[in-house]
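Novice: Same order as they appear, the protein sequences are chains A and B.
Each residue of the first sequence is one higher than the one before, counting from 0 in numbering that gives the first Met the number 0.
Each residue of the second sequence is one higher than the one before, counting from 0 in numbering that gives the first Met the number 0.
If you're looking for bench data, these hints aren't it; they were derived computationally from the structure.
Be careful, since some hints might not be right.
To be verified - Derived coverage of chain B by chain A (criterion: at least 3 residues anywhere in the stretch with Cβ under 8 Å from a Cβ of chain A; other residues may be distant):
id: 1; segment: 152–161
id: 2; segment: 476–489
id: 3; segment: 498–512
All C-beta atoms in this analysis are idealised placements derived from N, C-alpha and C, irrespective of residue type, glycine included.
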Amino acid sequence: MTIAEPVITIDDQPVPFRPGQTILEAALEAGVYIPHLCHHPDFAPHGSCKMCSVVVNGRPASACALRAAPGQEVEVDTPELHAFRRTLVQLLFVEGNHFCPGCEKSGSCQLQALGYEFEMMTPHFVHFFPNLGVDASHPDAMIDLSRCIQCELCVRASRDIDGKDLFALAGRGLNARLIVNSPSGKLGDTNFSVTDRAAHVCPVGAILIKRVGFAEPIGERLYDLEPISAEAARCVIEEP
Amino acid sequence: MTSADEVVASAVAKRGGDPSYLLQILRETQDVLDWISPETAGLVAERLRIPLTRVRSTVAFYSFLHAEPRGRYRLLFSDNITDQMLGSRELFAHMLARLKVEPGGLSADGLVSVGLTSCTGMCDQGPALLVNNRAVTRLTGRRVDEISDLAREGVPLDAWPADFFRVDDNIRRADALLGGSFEPGRTLRAAIARGRQGMLDEMKLSNLRGRGGAGFPTGMKWEGCRDAPGSERFVVCNADEGEPGTFKDRTLLQTYAARVFEGMAIAGFVAGAARGFLYMRGEYQFLLAPLQAKLGAMRRANLLGRDICGAEGFDFDIEIHLGAGAYVCGEESALIESLEGKPGRPRIRPPFPVTSGYLGMPTIVDNVETLCEATEVALRGGRAFAGEGTKRSTGTKILSVSGDCERPGLYEYPYGVRISQVLRDSGARDVAAVQISGPSGACLTPDEFERRIAFEDVPTAGAFMIFGAQRDLFEVARNFTHFFAHESCGFCTPCRVGTSLARDLMDKIAAGRGARYEINELMRLHRLMQRTSHCGLGQTAANSIADTWSKFRPAYERRLQRADFSPAVDLDAALSQAREISGRDDAEAHLGAEA
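Make a model of the complete structure from these sequences and hints.
Specialist: Below is the structure:
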């Protein structure tokens with residue numbers, strides 16, 4: 000007799016999970032897409048972007064932060080949650096300065112891709128237009144704070160993988176900003192390197208590598224070719 | 000003159016070079032140096048061997064830590080709605096004019112800064128302000144003049160009239176807790192006599208529930224902490240009383256501190272914790288020295304320390320941590336982050352602090368009042384305690400009553416008291432609304448005044464703000480909206496951006512440029528924040544808007560334009576610069592009345 004694998008249901012579909020997995024991890028592994036932005040499989044759950052907001056047994060929860068448990072009935076694709084996610088993307092758009100047509104990340108940007116995923120036609124809210132500036136002091140990389148969505152992936156990568164602890168968020172509310180660990184606050188005065196994981200983990204165009212701009216033509220990039228939801232599902236299938 | 004290096008070195012040494020004391024080290028350093036300069040921040044990072052980003056992010060998070068010079072006298076007016084109702088904004092403007100300072104700015108001589116801050120917990124004796132984190136109460140025009148002059152003349156705070164700093168208890172109605180007799184050590188000996196398990200059994204029997212608002216059964220929490228795996232356990236007393244309109248913990252800590260500390264020791268006794276922390280909001284810094292003295296006296300009397308009251312193995316001691324102006328630190332996991340010296344961003348829960356709290360160890364976080372009530376359980380037993388109040392809300396509750404009434408102050412009642420009773424006792428007449436449990440709570444109107452204060456009816460952490468018929472409830476909600484935008488920690492998207500958008504929408508309506516469109520937007524943001532925010536702050540941030548919109552609609556409607564939408568930009572006002580340059584102000588230089 001085999002012991003039945005524990006399952007949760009996601010939008011009425013049974014999804015198996017291993018003990019310790021979060022709802023999001025279990026879903027992605029099973030090829031069920033739950034939108035997410037600050038989550039990355041290589042890092043501990045973070046739970047700040049709230050794109051993976053779901054309803055579990057009638058109560059709101061973040062799929063990336065809640066462990067899967069038998070008996071959970073998870074709602075993902077409901078009209079209200081869909082509308083929430085679109086609004087969240089809009090909030091991220093108006094708190095920063097995101098001009099996709101002029102951004103080197105266009106086509107590989109997860110924020111942009113989620114905008115398309117949720118049929119966002121306009122940013123809707125009044126823009127805050129923060130005056131944040133660019134840090135181009137490093138010879139090989141630059142930071143455009145206007146595009147930072149505060150997912151802290153670079154913070155986590157630099158701390159947990161690179162062992163350099165070069166980034167942090169500072170400030171409260173809408174004043175929170177990414178800061179750099181050097182007396183000048185400039186990236187050029189740190190030992191940051193383009194071989195760092197932190198250089199490649201940004202889901203948007205806030206941290207960019209210099210001298211590779213537009214090497215891959217716009218129109219032929221990852222999310223130009225297929226929606227982020229399809230891409231996520233395909234990644235699962237391709238994994239050995 | 001001591002150098003920054005000496006000041007930092009001594010503050011770091013006092014804390015044994017432990018980075019988890021970063022917030023305390025920064026606070027003490029700033030007390031001497033007036034601000035945390037880039038140089039000072041660098042020295043702190045160096046001496047604690049932590050990244051500079053950690054120092055900077057902590058300084059940037061707390062309102063009372065300054066990365067820019069803010070003068071030798073840092074004056075912050077409490078900006079709660081109750082202060083405003085007592086004329087605080089007029090006094091603020093008066094001081095700005097007298098000292099020739101811009102709001103939030105620094106005087107030309109670099110000596111004084113004057114700004115606003117969230118509720119300082121003096122609603123019963125406001126308007127209030129903080130000068131270098133010391134509370135000044137009962138402001139009048141004359142007092143504001145005196146303060147301005149003392150600051151301008153550079154008179155040290157210790158030489159200011161002591162009456163400025165007088166904080167009254169204002170106990171208007173005492174019941175079992177506030178009115179009970181107290182003899183040092185008696186509740187500890189009672190707990191020891193019951194034994195660790197016996198005391199826990201009494202706690203469970205008492206059905207005492209957390210007084211901070213959530214109402215979790217305290218005995219269950221203590222048991223959960225005791226049974227959770229971990230090499231060490233901690234007891235934290237949450238004295239970060241930041242909910243605007245609440246001030247009961249201030250009095251408990253000023254006059255009933257021994258009970259609070261004994262309650263903490265009893266929690267430690269039951270759960271097997273030897274270390275306790277009192278985390279107190281920075282606004283109550285005036286209580287720090289007397290509380291330290293109280294702890295010293297208790298240690299000398301063997302009411303803290305090793306083998307307390309001669310009970311072998313009952314070891315417990317308490318440290319005090321001060322916050323530095325961050326409302327969100329009242330959330331238990333944010334509080335623990337702050338205790339660890341970090342910005343107070345709420346953690347992912349579960350795991351809850353009871354299994355993974357301070358330094359990842361099992362930790363009890365209880366409200367000040369809850370711990371006081373635990374001493375009552377030790378003394379009288381669980382059954383007697385449960386005999387008061389209602390079946391599901393046992394014991395008494397202390398209410399912080401402020402606003403439009405004759406006798407603001409503390410009122411302790413058995414649970415189940417009706418709102419109308421509290422209004423009668425406090426001398427409130429012609430009441431339009433009562434805001435229960437602060438901006439995150441509920442706004443009740445006269446048809447609800449026969450409801451009862453209890454977990455099963457109207458739950459509350461204690462705030463009870465009364466608004467008379469002359470008050471504008473739209474302005475109340477707008478004040479709360481500004482509060483949340485200021486206090487949002489910025490961690491999660493909905494609250495970080497949503498609270499600021501809500502604030503701007505309310506300001507647009509206040510400016511007479513709002514329409515039905517803005518109301519719809521506010522309700523949409525309310526629903527989003529309620530359902531997707533990371534912690535209670537964002538989840539409740541727009542409650543007051545939804546409440547007042549449904550109950551005080553005319554207050555909104557008289558401000559709304561009849562059109563479905565009106566732009567935020569005032570085209571005629573936008574032309575003012577052009578008029579100034581061209582020196583014109585005739586009718587032709589203005590856009591018509593249709594704008």
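Novice: May I ask which of the numbered hints given earlier this structure violates, with the numbers listed in increasing order?
Specialist: Result: hint 1 breaks, nothing else.
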